[in-house]
Amino acid sequence: MSDLDAPPIPCLTDDRLLTRERHLVQEIATCHRRRQWRRFALGGAVAVASGATAALVVSLGAGTPPAFAAWTASPTPPTPGQLTAAERTCAARPTNPPPGIPSLPTKVSLADIRGPFSLLLFGANTTTRGALLCMSGPDGTQMSVAAGHQLAPPRPGQITLDRLQAESAQAQPYTVAEGSTGSGVSAATLTLSNGSRVGATVGNGLFLAWWPGTATVTSASVTSASGTSTQPITSPTRDTGGSDSISGSAANPGSGNVPHTAAQRAELRRFCAHLRAAHIHRPGGQPVGPCATLGS
Amino acid sequence: MGMRSYSDVDDADLVSMAAKDPEAFGQLFTRHSRAVYAYCARRTGDAHQAEDLTSVVFLEAFRRRRKLQLSNTSALPWLLGVANNVTRNAERSLRRHRSALARVPPPSDSASSEDEAIGRIEAQQALARATEALRPLSQAERDVVLLVLWGELSYAEAASSLSIPVGTVRSRLASARQKFATAAITPTM
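One line per chain: the protein sequences are A and B, in this order. Going left to right, the first sequence walks through residues 1 to 296 as this note's numbering numbers them. Going left to right, the second sequence walks through residues 297 to 485 as this note's numbering numbers them.
Excised from the complex, chain A in its bound form (with noise of 0.2 Å):
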């Protein structure tokens, strides 16, 4: 008996177990979703878009730390009316586009749901339409608006990042990611420059994810009928500028691009104008992002 080895193990490859544990992470997240949802706090907003962006808050709650207590690295089911409660609220879009923009999508194209947060993105950005990007979460709602690029679409079984924009609540950064999938694609897995993995949501030819934090993406995992395949990310650069460009920051604001062009800023008040009127500003009333920058 001493000399009895132990037999050999048919081969399970990697993927196969990384396809078995992402089940199991997701698995996890459905069952044991938090039930105690923590308040959705937006403090702010910075872009980091690869066309341009503008964010806006809409309306924020008082909130307690930690903000993303609730975050799950995969997505979950909505909860019953969950999915409503996110359209309604981000309905409450202003109903002209920013500068740049010519209008806004009003059909959701994907939604990404982590337990209590919704994140919703209407349109797309490789659509010349644009795309709205909207988070709901217990207490808060955050929109951000991008431009429209025409960009080549991926190949079969990859995935391309079309947009990565940080945003902050609370004072606690958050990045989301947008992008576009090749034919076959069923799963994507972002490693994340931290050398965390989220689970993206995927459809519609599109994938969605976010993550507390400011961490980039430098690959991914795709799944598609061929299998799982990891794939190097070049993630956008952050925005520095732009004719077109009105992004900027609700927390720091100007620091991101300023109109150079008087029709620009003539165009930006007219925006800014529309957001007084909606209500829309920061807390304390202070003015959102770009509008920061045309003072009284």
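Just so you know, these hints were derived from the structure itself, not from any lab. Some hints could be false.
What the hints assert, rightly or not - To give an idea of the interface, some chain B residues facing chain A are shown, with a C-beta separation under 10 Å as derived from the structure:
no., residue
1, Tyr333
2, Ala343
3, His344
4, Ala346
5, Arg399
6, Arg416
7, Thr427
8, Ser450
9, Tyr451
10, Ala452
Stated by the list, open to error - Quick list of the computed label-pair ranges, beta carbon to beta carbon:
no., chain 1, residue 1, chain 2, residue 2, range
11, A, Pro156, B, Ser434, 53 to 61 Å
12, B, Val462, A, Gln231, 44 to 52 Å
13, B, Gln365, A, Lys107, 29 to 37 Å
14, A, Thr79, B, Ile414, 47 to 55 Å
15, A, Thr214, B, Arg473, 31 to 39 Å
16, B, Arg394, A, Thr79, 18 to 26 Å
17, A, Ser226, B, Arg384, 35 to 43 Å
18, A, Thr214, B, Ala315, 50 to 58 Å
19, A, Pro80, B, Ser395, 39 to 47 Å
20, A, Thr234, B, Val462, 50 to 58 Å
21, B, Val305, A, Ser193, 12 to 20 Å
22, B, Asn381, A, Thr230, 33 to 41 Å
23, B, Gln421, A, Ser226, 27 to 35 Å
24, A, Thr218, B, Ser312, 39 to 47 Å
Claimed, not checked - Coverage of chain A stretches by chain B, computed from C-beta distances (three or more under 8 Å per stretch; other residues unrestricted):
no., region
25, 8-14
26, 19-30
27, 72-86
28, 191-197
Here the structure is a predicted model, which is why all the values come from computation and not from measurement. Glycine residues also receive a C-beta, built at the ideal position from the N, C-alpha and C atoms.
Starting from the known structure of chain A, fit chain B onto it as the hints suggest.
Below, chain B without anything else, positioned relative to chain A:
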């Protein structure tokens, strides 16, 4: 915040973090799933079923996580203890988690080489022979053979897995050896 690198987190902390951070339990899976899979495969003699049972072991482990009392830094003995219970009633365990298992993405049908296919068949046959070789042993003796001889746990870890004294592990192993010697079984595994 739930986001972190887990490389410096020990197993006990991963388990305690899991309720708020499912990814932590994913990391536990990464660390120990191959050992759990090997145990399930050798226990059942069925590699395909072992894959599903590995998922069940971790789902059950998550459910029982509050009962975890780690005697050392590794959760493997505890996980193999869960695996021992799960595989004893494999069919029932699989039925219990049927709906969850139905959500596992199917394996890709990527083509593999002929050598790989032959290797899998040979490993499956060796697995079946090993399961057959354990037949003369009692259930309790199989437990310690699987954990100590094939699972490479120490006597103390196996005792922790099975919630029995270390001396009992020794005596069961000695009994198993004796049965093999008496039966003149010379497994070729």
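Verification of the supplied hints:
no. : hint                             : result
1   : Tyr333                           : holds (6 Å)
2   : Ala343                           : holds (4 Å)
3   : His344                           : holds (9 Å)
4   : Ala346                           : holds (8 Å)
5   : Arg399                           : holds (6 Å)
6   : Arg416                           : holds (5 Å)
7   : Thr427                           : holds (8 Å)
8   : Ser450                           : violated (15 Å)
9   : Tyr451                           : violated (15 Å)
10  : Ala452                           : violated (20 Å)
11  : A:Pro156 to B:Ser434: 53 to 61 Å : holds (55 Å)
12  : B:Val462 to A:Gln231: 44 to 52 Å : holds (49 Å)
13  : B:Gln365 to A:Lys107: 29 to 37 Å : violated (53 Å)
14  : A:Thr79 to B:Ile414: 47 to 55 Å  : holds (49 Å)
15  : A:Thr214 to B:Arg473: 31 to 39 Å : violated (59 Å)
16  : B:Arg394 to A:Thr79: 18 to 26 Å  : holds (23 Å)
17  : A:Ser226 to B:Arg384: 35 to 43 Å : holds (38 Å)
18  : A:Thr214 to B:Ala315: 50 to 58 Å : violated (26 Å)
19  : A:Pro80 to B:Ser395: 39 to 47 Å  : violated (19 Å)
20  : A:Thr234 to B:Val462: 50 to 58 Å : holds (55 Å)
21  : B:Val305 to A:Ser193: 12 to 20 Å : holds (19 Å)
22  : B:Asn381 to A:Thr230: 33 to 41 Å : holds (35 Å)
23  : B:Gln421 to A:Ser226: 27 to 35 Å : holds (29 Å)
24  : A:Thr218 to B:Ser312: 39 to 47 Å : violated (28 Å)
25  : 8-14                             : holds (count 5)
26  : 19-30                            : holds (count 11)
27  : 72-86                            : holds (count 3)
28  : 191-197                          : holds (count 5)
In summary, the structure is inconsistent with hints 8, 9, 10, 13, 15, 18, 19, 24 from the numbered list given earlier, while agreeing with the others.
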